[in-house]
Structures are given as C-alpha cells and as structure tokens.
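Colleague: In case you want the letters, here they are:
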Amino acid sequence: MGFNIYDFSGMTHNMHLWFSERMSPTATTIVEWTIIGVSYMLFVALFGLFLVYAERKVCAAFQQRLGPTRVGFWGLLQTIADFIKLLMKELIMPKSADRFLYNLAPFIVMIATFLAMAVLPFAKGLQTLDFDIGIFYVTAVSSVGVIGILLAGWSSNNKYSLIGAMRSGAQILSYELSVSLSLVTIIILAGSMQLSVIVESQRDSWFLFKGHIPSLIAFVIFLIAGTAETNRGPFDLAEAESELTAGFHTEYSGIKFAFFFLAEYINMFIVSAMAVTVFLGGWMPLHFGSFESFNVVMDFIPPLVWFFMKVLGVIFLIMWFKWTFPRLRVDQILTLEWKYLLPINLINIILMSLVVLTKFHL
Amino acid sequence: MNALFQYISTVFKGIGTLLTGMKITGKYVFTPWKHVTQQYPENRETLKMFDRFRGEVIMTHSENNEHLCTGCGICEINCPNGSIEIISKMELTEEGKKKRAIDQHIYHLGMCTFCNLCIKACPTGAIVMGQNFEHAVWDRSKLTKVLNQPGSKIAQGVKE
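Just so you know, the sequences run in chain order A and B. Count the first sequence with the numbering used here and you get residues 1 to 362, in order. Count the second sequence with the numbering used here and you get residues 1 to 160, in order.
Below 25 Å or equal to it, Euclidean Cα-Cα: the simulated DMTMM-like pairs (lysine to aspartate or glutamate) are:
hint, chain 1, residue 1, chain 2, residue 2
1, B, K27, A, E55
2, B, K13, A, D331
3, B, K23, A, E55
4, A, K57, B, E42
5, B, K48, B, E134
6, B, K99, B, E63
7, B, K142, B, E76
8, B, K34, A, E55
Keep in mind that the hints were calculated from the coordinates and are not lab data. Computed from a predicted model, the values in this text were never measured in an experiment.
Model the full assembly from the supplied sequences, consistent with the hints where possible.
Modeller: So, in structure tokens, the structure goes:
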C-alpha cells in the first residue's frame with residue numbers, strides 16, 4: 001500500500017483492491033464501512049476531548065489565568081480524566097419524563113453531527129462522501145440536530161429545559177437562513193456545490209480573496225451565523241447558565257450529557273471546517289499569484305496540516321468571540337438576524353452576482 | 001434616505017465596538033507572561049504576598065525582646081468577635097509606682113476575620129498584620145496564640 005501524505009486517493013484505492021482480492025464484494029463493503037465508522041468515532045472522541053481542553057486553556061488565557069495544569073503535562077490529560085468521570089456517573093431519569101424521547105434525543109444530536117462530518121474533505125482523497133450537492137447536504141443535515149435539542153427539552157419534564165430548547169429552536173431556525181445565504185454567495189462564485197470541486201477551484205487563490213468585498217462580507221456573516229447555530233459564544237442563550245441552569249441538557253447526566261457536550265464541540269469543528277473549505281481553500285496551501293518560490297515552499301506542507309491549521313485558526317476566532325462578547329437577549333438575537341444579517345446578505349448576493357457577471361474576480 | 005444612512009452607520013459602529021472588545025481580550029491572550037495565576041506550591045520559596053495582605057495579627061519585637069504593648073486593652077474592646085483577650089498584670093516601676101503591663105496577649109486565630117480594627121485602634125502600634133497565610137494545623141487548640149514572647153518587656157519610653 002503506497003502511502004503519500006499529499007494525495008490519499010491512491011492509498012484508499014489500494015486498500016480497496018487489497019480487501020477485494022481477499023473477500024467477497026459484500027464483505028469488502030462491510031469492512032470498509034466499519035473502518036470508516038470507527039475512524040470517524042475515534043476522531044470525534046479524540047478531537048472533541050482536545051477541543052474541550054483547548055477551550056479551557058484559551059478561555060483561561062483570555063481571563064489572564066493558566067487553566068488546567070495539574071493532570072498530566074500542562075493538564076493535557078484533564079479532559080480524559082473528566083471523560084472517565086462522566087462515564088462512571090449514574091444515568092438519572094427525571095420523574096414522569098418521556099422515557100423513549102429522553103433516551104433518543106442525545107443520539108439524534110450525535111447522528112446529525114456524524115452526518116454533517118461525512119462530506120468534509122480533510123485532504124485530497126480523504127473524503128468519505130463527495131456529493132455534487134455537498135453544501136446543500138451539510139446545511140440540511142446540520143439542522144437535524146435541532147430536533148434532538150427540541151426533543152431533549154420537551155421530554156425532560158423541566159421548565160428550564162423546555163425554555164432553553166424553544167430558544168435554541170428559534171435561534172437555529174433564524175440563523176440557518178444566514179448560513180445558507182452566505183454559502184449561496186460562494187456557490188455563485190464557485191459555480192458548483194460539490195465540496196471537492198470548490199476546494200480544487202481555490203488552487204490559485206482562496207475564495208476569501210477571489211471574491212473581494214462580497215466574499216469577505218459573506219465570510220463574516222457565515223462566522224456570526226455559524227457561531228449562533230452551534231449555540232455558542234455570545235449566542236448561548238439556549239443554555240444560559242445564569243437564567244436556565246443549563247438549558248436543554250439540564251436533566252441529562254453521565255454519558256448522555258457527554259454526547260451533548262461532544263456534539264456541541266464537534267459542531268463547532270464542522271462550522272469551522274465548512275468556513276475553511278468554502279472560504280479559506282480547504283486543504284489547499286496558501287498561494288500568491290507570482291511568488292513561485294513561496295508557492296513551492298507552501299506546497300511542501302502536507303494538506304492535512306494545512307486543513308487542521310486553518311480549522312484551529314477559525315476555532316480560535318470563534319472562542320475569541322465567546323470569551324469577549326456578553327450574551328445577547330432573545331430580542332437582540334432576532335433583531336440581529338432579521339434586521340441586519342438577512343438584508344445585508346441579500347444585497348451581498350446581488351453584489352457577488354455582479355462581480356461574477358463582470359468577471360471582476362481574480 | 002436619512003434612515004438608510006443611520007442603518008449603515010449603526011452596522012459600522014457595531015462592528016467597531018466589537019473590534020474594540022476583541023482588541024482588549026486579544027491583548028490579554030497574546031501576553032501570556034502577564035497572567036495573574038501563580039503556581040502556588042511550586043513558587044513557595046519565592047512567593048511574596050502583597051504589602052496590604054492580612055495574614056494574621058502579630059506583635060513586633062525588637063532584638064532586645066522588647067515590644068510596644070502597654071496592655072491597655074483597646075484592641076480587645078475593638079475586636080468585633082472577641083478573638084483577642086488581654087491579661088494584664090501590675091508592675092512596680094523604679095520610682096516605686098504601680099503600673100499596668102501586659103502579661104499575656106491571647107489571640108484566637110480561628111475566630112479572627114482579619115478586619116484590621118485592632119491594628120487601627122492600637123495607640124502604640126504594637127500589633128501589625130503579618131504576611132503568613134499557611135495556618136493549617138492538626139489541632140484546634142494550636143490556633144490560640146500568645147502574641148508577646150516569653151520574657152519580653154515593654155520598650156523604654158512608651159506611654160499610654
């Protein structure tokens with residue numbers, strides 16, 4: 001099996017051949033599905049834990065503290081210890097809760113997260129599903145998660161959970177619009193919804209630079225709306241600690257709480273990865289038109305490293321929002337969406353269309 | 001038209017204020033050497049508490065084992081929760097006069113709220129706040145301290 005860190009398509013093809021020689025086609029499919037599933041689950045668990053650790057460290061730095069330092073070197077094992085603690089916690093069922101929906105809700109949230117992750121291109125050839133409607137698929141499945149949140153709030157038999165879930169529903173339904181419209185702006189520029197084509201067409205310059213001001217506006221709107229859609233940052237009024245204890249997951253404990261927690265952080269990763277794929281060139285290295293030697297040096301860094309560098313940069317930006325801005329009220333959130341982001345977005349689409357029509361882009 | 005200008009200016013003003021906030025927190029996160037948390041047991045040797053830190057009430061003694069306490073009992077009266085007990089005694093001066101002196105300045109650390117009222121009230125400045133903060137002991141009775149050292153006496157020329 002040839003291993004090339006710049007192009008994984010050969011490796012996956014060779015793996016497929018290797019399995020096909022030894023097994024029946026059905027067994028090959030099952031084995032490949034299992035490998036993909038296990039690797040996604042491992043990725044979610046490990047990267048989720050890392051993001052929780054990173055959030056605690058970054059939050060500490062924003063508040064001039066040090067964060068976890070005791071468990072392991074620099075506190076690196078802190079979240080693993082926390083996770084082990086969560087696994088050992090008792091699963092509590094509230095009195096007269098809707099038993100079936102209460103148990104189902106965390107899995108719906110988790111499934112939505114996994115579905116959205118399936119189309120992300122991590123590197124060349126390292127993409128599980130490559131739909132020709134990739135962006136549309138991501139916006140569609142990422143809104144499935146709100147059903148899980150609403151069910152969790154409804155089935156918990158708790159006023160805080162219900163209020164939190166309703167707020168979360170209103171917020172996600174509103175901001176879904178801005179996310180989609182800012183992605184539409186880029187679809188106009190790219191001329192395709194297939195994520196691999198979008199990444200490939202950013203080889204020379206990223207869409208953030210290619211589309212001038214319209215794509216910069218779209219990027220800012222996508223960041224704001226994406227932060228709102230993950231129920232994070234200044235838009236965390238679905239789980240506002242000071243008002244609703246913990247919002248929709250107030251009554252959850254142990255591993256079910258961990259599912260909500262992990263899904264929240266992986267959703268942040270998905271939003272960042274979408275921002276990176278659509279605006280910042282995905283796993284493509286940074287290229288400047290005529291600097292040949294600079295471009296060669298940038299090509300030398302593997303695409304996986306590029307992808308995760310960019311994703312962690314965007315995640316840092318989202319954390320920066322969270323630990324700087326105070327939480328918005330419900331009316332302020334809806335005002336921001338319907339009176340500011342939506343009209344600006346619609347005008348921005350017209351601007352982008354003009355840019356594409358006049359071939360003004362790079 | 002005016003409303004449109006107002007709308008656009010609110011957008012830019014909003015972005016401006018958000019960037020101001022991000023600049024301030026960004027300054028915090030990119031100057032990690034200015035972080036205020038201290039790694040306590042590791043830096044125990046070099047740790048210096050702040051000048052105004054109130055660790056415990058102590059009585060200062062000179063190298064001749066002399067203190068400034070006259071035994072007047074004002075600190076005992078001023079203590080809001082009775083953590084100070086003054087036991088005074090009568091001494092004969094050189095002229096043969098009877099004069100009050102301190103026998104035992106008893107300080108209950110376990111009851112003290114570190115309000116600083118006794119130090120403010122002391123007319124001679126005999127007691128001050130110390131910097132020590134590691135007060136954990138195995139037995140509650142160890143928290144009751146006698147502040148004047150054994151065999152110490154009042155310094156010359158201290159008047160009530």
